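Please model the complete structure; the sequences and the hints are all you need to start from.
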Amino acid sequence: MAAVQGGQIDPEGEKDIKTEPSNDGSGNNNANDGGVLSSSPGATSSSGTTKTLTAGAEDQQTLLAVLQFLKRNKLSESVDILRREAGLSDDADDSKVSDTAGSGLGSTVNVDAEGGDANSLLNRVTIATAAPPATAAPAPTKVPASGGEDQPDVNVVLSAYSQQGDPPLYQVYYSGLKKFIESVLDCHRAELSQVFYPLFVHMYLELVYNNHEMEAKAFFEKFSGDQECYYEEDLRILSSLTKKEHMKGNETLLDFRTSKFVLRISRDSYQLLKRHLQERQNNQIWNIIQEHLYIDIFDGMPRSKGQIDAMSGSLAGEGKRDANKAKVFYGLLKEPEIEVPLDDEDEEAENEEGKPKKKKPKKDSMGNKSKKQDPNAPQQNRIPLPELKDSDKLDKIMNMKEATKKIRLGPDNLPSICFYSFLNAYQGLTAVDFTDDSSLIAGGFADSTVRVWSVTPKKLRRVKSAADLSLIDKESDDVLERIMDEKTASESKILYGHSGPVYGISFSPDRNYLLSSSEDGTVRLWSLQTYTCLVGYKGHNYPVWDTQFSPYGYYFISGGHDRVARLWATDHYQPLRMFAGHLADITCTRFHPNSNYVATGSADRTIRLWDVLTGNCVRILTGHKGPIHALAFSPNGKFMASGATDGRVLLWDIGHGLMIGDLKGHTDTIYSLKFSRDGEILASASMDNTVKLWDSMKAFDELETDDFTMATGHIHLPENSKELLLGTYLTKSTPVIHLHFTRRNLLLAAGAYNPC
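Be aware that the sequence shown starts at 3, since it is given in the numbering used here, and climbs by one per residue.
A portion of the hints provided could be inaccurate.
To be verified - Derived DSS-like pairs (lysine-lysine); straight-line CA-CA distance at most 27 angstroms:
hint: 1; residue 1: Lys329; residue 2: Lys666
hint: 2; residue 1: Lys408; residue 2: Lys700
hint: 3; residue 1: Lys307; residue 2: Lys224
hint: 4; residue 1: Lys307; residue 2: Lys181
hint: 5; residue 1: Lys219; residue 2: Lys180
hint: 6; residue 1: Lys336; residue 2: Lys307
If you are wondering where the hints come from, they were derived from the structure by calculation, not from laboratory data.
None of these values were measured; they are calculated from a predicted model.
Here is the structure:
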C-alpha cells in the first residue's frame with residue numbers, strides 16, 4: 003500500500019471489518035450495527051501498531067468515569083467503596099475527568115479486526131467528558147471481550163458517553179474534516195465528500211437531542227448550504243426539528259436514527275479518511291460513522307463525481323452491492339400451446355390467375371420467443387398461477403391475431419398517438435387505466451368515485467337480475483349476449499363505495515374486474531359485469547397510493563403511506579405477503595411480466611424489487627433525486643424504466659441491478675412510462691404537458707455487458723439523451739398522467755384538461 007500523508011498506513015488497520023447485510027425476514031437488507039469500519043482511530047506508532055493510552059491511564063480514566071456516573075445517581079456508598087478499593091483520594095472528582103477530556107485524548111475504541119460483531123465496539127472504552135450522557139440506542143447488557151470473557155456491565159453505561167462531545171467543538175470537528183477533504187486529490191475528493199451529508203445530519207440531531215439548541219442552530223446555518231441540492235427537502239424538514247420535544251414521533255428522524263446511511267467508497271479513499279481520523283483522534287466523528295454509516299468498500303479506481311451523483315440522492319444513501327447480488331429470474335414464462343385459426347380473409351387470396359390460394363399465417367417474432375423456455379425464466383410452477391379458462395384462451399387467440407398486424411416501431415417509424423382529454427373534470431382526475439385490448443378506460447377521482455367508459459361503439463351493460471337469468475336458455479349459442487340487460491346500456495358507469503379520493507386503479511387482464519385504491523385505506527374489487535363492489539380489502543392503515551393486477555390476474559399488489567407493499571389474491575381477505583423496507587411512502591407498484599417479482603417505487607427515492615415467492619428484497623436501486631411515480635418493465639422482462647419528480651427517466655438492467663441509462667428532457671414530474679409491445683420505443687408522460695418518445699432499443703443494444711464492473715458496482719453512463727430522444731409531443735394545457743400501447747402499437751395517452 004502506498005504511503006499516505008507522509009507515513010505508511012497501519013498494517014493492522016488494513017484489516018477492515020465489513021459486516022454482511024442481514025435479512026430481517028421481511029425482505030429488508032440491513033447492515034449489522036457493527037458497520038463496516040475498521041479499528042477506531044488512535045495514535046499510530048512508527049512500528050505500525052495502534053496504541054491508545056497506557057494501561058494505567060486507561061484504567062484511571064475508566065474509574066473516574068464510573069465514579070462520575072455513581073455520583074450522578076447519588077450512590078455515595080458505592081463511591082466510597084470504589085475509592086477505597088482503587089486507592090483514590092477523596093479529591094478525585096469530576097474536574098479530573100474534565101481535564102482528561104480537555105487534553106485531547108477523548109474516547110478511543112479498539113475493535114478486534116477478526117471479529118466483525120457490533121458488540122466488539124465496546125471491548126475497550128476509555129472515555130472522559132463532563133457533559134451529561136446522551137441516551138443512545140440501548141446496547142446489549144453483556145459484551146463479549148476480545149479475550150473471550152464478558153466485560154463488566156459498566157461498559158454499556160460508558161458507551162452512552164461516546165455519543166456526546168463538547169457542543170461548541172462540533173463546528174470545529176466538521177470544519178476540520180471539510181478542510182481535509184477539500185485538500186486531498188481530486189480523485190478522492192468526490193468519494194470522501196459523500197460523508198458530509200450524513201455526518202451533518204447526525205451531528206445536528208445529537209446537538210438537538212442533548213438540548214443544545216443554540217449550538218444546533220448555529221451548526222445548521224453554517225453548514226446546511228454546503229449540502230447537495232437534492233437533499234433540500236430533507237434539510238427543510240430537519241430545520242424544523244429545533245427542540246428535543248419535536249423529535250418524538252417524527253418519521254424523518256426515525257428514518258435517520260434507525261437506518262444506516264450507505265456510502266460506496268474505494269479502499270484507497272477509505273484509507274485516507276481513516277488515516278486522518280487516526281491522526282486527529284477525531285472520535286466524535288468516528289463514533290457517528292460507526293453507529294450510523296455503512297461504508298461499502300470496493301477495490302479499484304475511485305469513482306468520479308458524475309458516477310457518484312448518478313447513484314446518490316436517496317434517503318439512506320446508495321443501495322448496498324450485496325443487496326443486488328441475488329439471482330433474479332427475469333425471463334418470460336413459456337406461453338401455452340394454443341392453435342391460432344386463420345381468418346377468412348387469410349384463407350383465400352387472389353393470385354395473378356384469379357385462383358384462390360392459401361396464405362401462410364403470419365408469424366410474430368415476439369410470440370415465437372415466448373413459446374421456448376427462456377434460460378433466465380423461473381420455473382413454470384414457481385408460483386401458482388390461475389388456470390386458463392376458455393374465455394382466456396379466446397382472448398389470447400385474439401391477442402395473437404392482433405399482434406400479427408401490429409406496426410413495427412423504430413426511429414424511422416414512430417407510433418401514432420391518440421390523446422384522451424378529460425374535460426370539465428372538476429371532480430379531480432387522479433388515476434387512469436386502459437384494458438389490455440383498449441376497449442375500456444377508467445378514471446379515479448378526488449370525489450371518491452370511479453368512472454368507467456367504453457371507447458368502442460359497444461356500450462356498457464349490466465347482467466340481468468337473478469329472476470330474468472332463470473328464464474334464459476343456458477344451452478343457446480348466444481347465452482353470453484342474452485344475460486346482458488340492454489336496458490342498462492350506457493357509454494359510462496359510475497362506481498360508488500370509497501370514502502376518500504381514489505389514487506390508483508387497475509383492470510384485470512380478462513376485463514371482468516377493476517381494482518381501485520383510495521385515501522380511505524382500502525382497495526376495492528369491482529365487477530365489470532354488475533358494476534358493483536365485490537370485496538373491500540382492508541390491511542393498510544393509511545392512504546393507498548397505487549394498486550396493480552398481475553399480468554396473469556388473480557394476484558394484485560398495493561402500496562401506500564404506511565411504507566409497506568402488500569400482495570393479495572382476489573379470493574383472500576388477508577394479504578399473502580407484506581414487503582417492508584422502504585423508508586417513506588410507496589408511491590407506485592408494478593408486476594414483472596412473469597409475475598414472480600413486484601417493483602415498488604417510493605418517496606424515499608429508491609426502487610425495490612421483491613421476490614413474490616420468498617418475500618425477500620432482491621434489488622435496491624438508487625439514483626433518483628425525488629419521489630418515484632412511474633415504473634415500467636420492458637416486454638422481455640430484462641429491463642426497467644423509472645420516472646420521478648426530478649424529471650429524469652432512468653433505465654435499469656434487472657439482472658445486474660445496475661443503472662444503464664439516464665434520459666433527461668422533462669421539466670416536471672413523470673407520471674407514466676410505457677414500452678411499446680415489441681420494446682423498441684419507450685414513451686414517457688409528464689406533468690409538463692408533454693409525451694416524449696425514446697429509442698429504448700438503441701439504449702439497450704449499445705450497452706456492453708462487459709462494462710458492468712460488478713466489483714465496484716458502477717458503469718460509465720453516456721450523456722446520450724439527445725441521441726435517444728425521438729420526439730416530443732406537447733398538449734395545449736393537459737398534464738399527461740397515463741400511457742398505453744394498444745396491441746397494434748398505437749399509443750394512447752390520457753389526462754385532465756387544465757384551463758389555468
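Results for each hint:
1. Lys329 - Lys666: violated, 30 angstroms
2. Lys408 - Lys700: holds, 20 angstroms
3. Lys307 - Lys224: Distance of about 24 angstroms is within 27 angstroms: holds.
4. Lys307 - Lys181: holds, 18 angstroms
5. Lys219 - Lys180: holds, 19 angstroms
6. Lys336 - Lys307: violated, 43 angstroms
When each numbered hint is compared with the structure, violations occur for hints 1 and 6.
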